[in-house]
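One letter stands for each residue in the lines below.
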Amino acid sequence: MALTRREFLCRSFGAIGAAALAFERFGLIQAFAQSADYKALVCIFLFGGNDSGNVVIPFDDYASYANARAVSGVAIPQSSLLQIDVPSVGSRFGLHPSLTGLNDLWGQGKAAVVCNVGPLVEPTNRDSYTNGTARVPINLFSHSDQQNQWQTSVSNTASGTGWGGRLADKTADLNTTTFPPITSAAGTPIFVAGNVEQPLAIAPAPTTLNTALRLDGFPSSPDNDPRYIALQQLLQEDQSLTLVRGASRITNEALGVQRALAVAGDPAVPPFPLNPRTSLGNQLEQVAKMISVRTALGMSRQIFFCSLGGFDTHSGQVTSATSPTTGTHANLLAQVSGAMKAFYDATVTLGVASQVVTFTLSDFARTFVPNGNLGTDHAWGSHHFVVGGSVRGGDFYGVVGANGTVFPTLAANGPDDTDQGSSARGRWIPTTAVDQYGATLASWFGVGNTDLAAVFPNIGRFGQSNLGFIA
Amino acid sequence: MKTKLLLTRAVFFSAFILSAFLCATASLVEAQPSPADTIRFLEQSTFGPTSELVGHVQQVGWEAFLNEQLAAPTADYPDLPFWPQTRPTSCTGDCQRDNYTLYQLQQHFFANALSGQDQLRQRVAFALGQILVTSAVDVPLPSWMRGYQQLLYAEAFGNFRQLLYDVTLNPAMGRFLNMVNNRCQTPTPANANVCRNGVKSQPNENYAREILQLFSIGTFALNQDGTRAVDGSGNPIPTYDQNTVEQFARVFTGWVLAPALPGPPDVGGTVPNYRDPMVLHKDSQGREDYHDQGPKTLLNGVQLPGGQSADQELSAAIDNIADHPNVAPFISKQLIQHLVTSNPSTAYVQRIANVFVATRTSATQLFEVVRAILLDDEARGDSKDPSTLPSYGKLREPVQFITNVLRAFNAQSDGVLDSLNVGGSAIGSADMNQDVFNAPSVFSFYPPTARVPGESVLGPQFVLFSSLTSLRRDNFVNRVIFSTIPAAPPNRPNGTSIDLSAWIPLANDPNNLIETLNQLLLHGTMSDDMRQSVITAVTSIPASNDSNRRIRVQTAIYLILTSSQYQVQR
Chain A
419 MALTRREFLC RSFGAIGAAA LAFERFGLIQ AFAQSADYKA LVCIFLFGGN DSGNVVIPFD
479 DYASYANARA VSGVAIPQSS LLQIDVPSVG SRFGLHPSLT GLNDLWGQGK AAVVCNVGPL
539 VEPTNRDSYT NGTARVPINL FSHSDQQNQW QTSVSNTASG TGWGGRLADK TADLNTTTFP
599 PITSAAGTPI FVAGNVEQPL AIAPAPTTLN TALRLDGFPS SPDNDPRYIA LQQLLQEDQS
659 LTLVRGASRI TNEALGVQRA LAVAGDPAVP PFPLNPRTSL GNQLEQVAKM ISVRTALGMS
719 RQIFFCSLGG FDTHSGQVTS ATSPTTGTHA NLLAQVSGAM KAFYDATVTL GVASQVVTFT
779 LSDFARTFVP NGNLGTDHAW GSHHFVVGGS VRGGDFYGVV GANGTVFPTL AANGPDDTDQ
839 GSSARGRWIP TTAVDQYGAT LASWFGVGNT DLAAVFPNIG RFGQSNLGFI A
Chain Y
57 MKTKLLLTRA VFFSAFILSA FLCATASLVE AQPSPADTIR FLEQSTFGPT SELVGHVQQV
117 GWEAFLNEQL AAPTADYPDL PFWPQTRPTS CTGDCQRDNY TLYQLQQHFF ANALSGQDQL
177 RQRVAFALGQ ILVTSAVDVP LPSWMRGYQQ LLYAEAFGNF RQLLYDVTLN PAMGRFLNMV
237 NNRCQTPTPA NANVCRNGVK SQPNENYARE ILQLFSIGTF ALNQDGTRAV DGSGNPIPTY
297 DQNTVEQFAR VFTGWVLAPA LPGPPDVGGT VPNYRDPMVL HKDSQGREDY HDQGPKTLLN
357 GVQLPGGQSA DQELSAAIDN IADHPNVAPF ISKQLIQHLV TSNPSTAYVQ RIANVFVATR
417 TSATQLFEVV RAILLDDEAR GDSKDPSTLP SYGKLREPVQ FITNVLRAFN AQSDGVLDSL
477 NVGGSAIGSA DMNQDVFNAP SVFSFYPPTA RVPGESVLGP QFVLFSSLTS LRRDNFVNRV
537 IFSTIPAAPP NRPNGTSIDL SAWIPLANDP NNLIETLNQL LLHGTMSDDM RQSVITAVTS
597 IPASNDSNRR IRVQTAIYLI LTSSQYQVQR
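Protein chains in written order, with my numbering: chain A, 419 to 889; chain Y, 57 to 626.
Read the hints as simulated data drawn from the structure, not as lab findings.
Even for Gly, the Cβ is constructed at its ideal location relative to N, Cα and C.
It cannot be assumed that every hint is accurate.
[Stated by the list, open to error] Short, incomplete list of chain A residues facing chain Y, as computed with Cβ under 7 Å: (1) LEU500; (2) GLN651; (3) GLY664; (4) ARG667.
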């Protein structure tokens, strides 16, 4: 059996077992670099639970929306909506007025919306939810649990790995290098944890890419520096201590990648078209820079993670009932839209627009019926954006629900609500599972059916494993 | 110079004592704790051992030290004036920094941690602040946050039920989790049940959900040893459901900020009251018109009849939560994880939960719990055997890492350590993903259930340990050991520096140097492999002059402080 490049490197590295090899491990990269076949997935997690009920709003059927939301002051006025046609539903919708960038991409056919997605243990509807016959995700409506379920695609038990990490496990061999296939500009949440692959966390822009990991106090070629040698040796010692071993594994990778990035340099292109800077924009800018040096790093498949917090809008999600298009949520959406548009434009400049797909995740959507503080509480199924040159943009996708479309019926105590009775608040039961959403992305990324079941262990419970939103 | 020699002497003296009285009785050992165990004890109970404290605790013993800590005067945060929520354009420079950023609170947090006498209280308050969380992400003014942090200082050794009650009515918490102004939209109820049946909006569920999920009982029924209880089919048992959350959300209606305070002298007007506990909103006829008057069903089927005052209902609801059997193991285990080890045995959790229950009416319940945590067999001892307890200990979180390093070497510091960029290198606590009082959400910086990446054991603090932050820790050490954090007025008045001159004489004898550091930083647990690696690096530097001797000392300290063996408190 022929060893892949990756296996060879891993085995040699493991057999010799010296962190001093880390540099050689990456230094070999250049000779093997070839990345005409390149694909990247970029995950943007919207922490806190994005009120997607105010992101995608029925335009023709605006009344059903306004009935619930107008009186409490959080309704986005119909006249302010960015109108979009949705062929698969056969009616017009409107995007939140902050989403000018995404609206532009929608118009270009580069942005799609996947509707009413959420963690599911198995297909679930109002009947099976109400009578308890459907198994439902653990601790519904809890931030931490639903965040984990979105990131792991496993909803009925705790998972130690995320689907981004498992996807990296299954595709890392396509790379000609052992440079980490999964990179986060926002810490190391469970999405990026694989069984084999451990995530790389780097600093966002404006930190330059060659210092996105930085080790101070050593010469640029420290291999003969006794202190550097000892630093590396210590990372191989006391391996019987579990926490020490865990920490050393992370630091050891950091030392190797730090050297590789320093060598790769800080690419001048692309100019990231976002002014002023934003938190999410800075993360995506660093991702764009890493993509721009993909050949030097020997990468054919890369997964990235970025995030933005602040979506837990229990109060003051709009400025006031008389100014509902401004405020916390409008600002967050403007940041998401601006950063995603700038990033897409950067991939166009880099010539990889059709090789990069960006998509959003979030804890949950929020109650259709607001609370009394110009805010909304925790709900379930939510709508998400997918952007990229290969995306079949300009339409809604997902699994058709009770009303015959992929978009839920906006009625508290209605056919898609978990809640019953007069105090029902409209927490939509997802028609589309996170597994299906992720599997569509993974299939495009190059994962075959066998591996798909390893990445999404419950995908077999759901009918479609490809929702068709990427060509 | 003096303290360093004292420590060295103490190390050797105590080693002598230990060998001379190897078969000493347990009580004698307790009366004269070993140096290694004393250092371990201080890693767990303070923001880091100092040579002075090590000597003191060895002299007085653990019990006396704990009682001293109970009695020690409480550290304080500066009494910041209350400013308008929107910054007046006239408030710029220092005014803006002090009244509209966390600067003053964070600086005092670190200054208190580095040199305050009430170390245990501060350490417990910091732990509690990561369990009962507020954050500047939604409490933006430091004067608003200050009261909450003062509350944690004041009640760190108090009664948990009282703490839960006081936290609930604290205005910063009220704002953070939206209990303030939680009400139905209709201001004057047409009927008693309007909140429950209102069509326009529903009570805010935020505080109701998080007080249950995070501050008290968690989502699944627990055994007293912290493991999950299961039903007849072996499935975990939820402690509450969405309906319970909605019921508590209705209990928590009716509260608003206390009457406004006068604004600062040169601004005038009034400003929101984040000084006093929240109060009940009343209409012109004195009715609690924001409070849901209907009956409610709480945990374990406890009924509130309705028609009671919001205050009565609040007390009953806090009792209902505090009485839940989950509270003891849920809180006890997290306190153990914050102070001692990420993976306590079930028996350890059980022992502490028993103390939690037995002291539940005590005014010093949390002190008794912490005392039990620290004096437990699973916490004490000179070292823990890797072969039987491979997963013992906890990763030092950034704040603890920084303060431990600085206290070990008697650093001089202005306390400006939260967000730090020195020479283009980001090396502060915030840069290591722990921005004090500014956690990303009510879930704090890391969940107690997080695992060590690639391993099957718990390691909550590993959420903050990545390729990025790992190297930033190294860079912090590089900066303070090989150089200084220079003063940079006005925001960094003095900087932070360590005087290593007392260590330089030890450089002639690398074995002695490294052994002394081994005792101070690793309480004697350095492996032979590790010792050899450090010695090789140190002896590669000639001890030819003071400059080189200094580099020897710096090299040894750098290597130990950056090692995973030190990052993990064992």
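Against the structure, the hints come out as follows:
1. LEU500: violated (27 Å)
2. GLN651: Since chain Y brings a Cβ to about 4 Å from GLN651/A, closer than 7 Å, the hint holds.
3. GLY664: holds (4 Å)
4. ARG667: holds (6 Å)
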